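*Asks:* Make a model of the complete structure from these sequences and hints.
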Amino acid sequence: MASHTLTARQYSILALVALCAPLGDTCLSRGMSALPPLSIAHPATLIAAVFTPWIAVGIALLIGFFASYLTALSWADLTFVLPATAFGNVIVALFARFWLHESISWQRWLGIALITIGVGFVANGPALTERPAADGSKPAPEEAA
Amino acid sequence: MSVDPLAVSNVGFWPATGMIAAIILASTAGEVLTAKAMKTVGDLDEIRAKSGLKGAIKAVVTRPMLFAGIGFLALAFFALLFALNHLDLSLVAPASASLTLITNSIAAKIFLHENVDRRRWTAAVFVCVGVYFLAH
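As given, the protein sequences belong to chains X and D, one line each in that order.
Sequential numbering from 7 applies to the first sequence in the working numbering.
Sequential numbering from 944 applies to the second sequence in the working numbering.
The hints are simulated quantities; they were obtained by calculation from the structure and are not laboratory data.
Everything numeric in this text was worked out from a predicted model, so none of it was measured.
Some clues are possibly wrong.
[Stated by the list, open to error] Here are the simulated DMTMM-like pairs of lysine to aspartate or glutamate, each with C-alpha atoms no more than 20 Å apart in a straight line: (1) K1052(D) x D1031(D); (2) K1052(D) x D31(X); (3) K979(D) x E989(D); (4) K997(D) x D986(D); (5) K979(D) x E136(X); (6) K1001(D) x E989(D).
*Replies:* Quick look at the structure:
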């Protein structure tokens, strides 16, 4: 069975998937923690929160994540893309360790090692399940209903 | 000394399990429906090269299955919020994030007919345990 290898552009899309989600969550967390406690009784404050810099950047990054994620799912299997998403947590943990000088417990180092090994397993295999095509030339995506 | 988070929460074992199961089920349904929708679209990079960004957006937003997937992902988000109201974040976040990887692998094999071979199962288990340790 021939392996379905990825182009440099497709790897960059996967890198965006991995980076945008955790960075977006981090921006949202930072933005929300800087705000005073919000109440459902005052929904206008929640709408105003969307326009604060950290939350706006967080939302933009999460939109970028979803666009990259949908693009990746159009040419790769779900079981190939999901570990790439999880690898973003490793990037953020290493970022926190070496840039923010936060301490990382041995459990987290173990988690980083396990995710890295797991992603390595998947990355060495085909990105897309081979399906029989009409002309037999290449895997065909399923036809639209 | 570690303490079982389920034992210290205000709810019992089965309600806590039910809340986490609801997150996992809704999330898995959302991921699988989204993936199925995108497979019917075809390679988005090729579509964008032929029809431009507008053509690519049109190809995506005309798939009802995608919106069903997004609906389930939204349901999973609200189930997560509900669970966080009753359970500790240190239990809900790692449990739901890691177990979803396993249920997605099973669902991808059954519903998307993906070739989840030994390599992908090993990866799913490694990443599942890794996410648990990283998020705990």
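*Asks:* Run every hint past the structure and note whether it holds.
*Replies:* Taking the hints in turn, this is what the structure says about them:
1. The suggested pairing of K1052(D) with D1031(D) is violated, with an alpha-carbon distance near 32 Å, which exceeds 20 Å.
2. For a cut-off of 20 Å, the pair hint linking K1052(D) to D31(X) is broken: about 30 Å separates their Cα positions.
3. This hinted pair checks out: K979(D) and E989(D) have alpha carbons roughly 18 Å apart, not beyond 20 Å.
4. Taking the CA atoms of K997(D) and D986(D), the gap is about 15 Å. The hint holds against a cut of 20 Å.
5. Restraint check: the Cα-Cα separation between K979(D) and E136(X) comes to about 15 Å, which is no more than 20 Å; the hinted pair holds.
6. Proximity of K1001(D) to E989(D) is assessed by CA-CA distance (about 14 Å); at most 20 Å being required, the pair is judged to hold.
Going down the numbered hints, you'll see the structure goes against 1 and 2, while the others check out.
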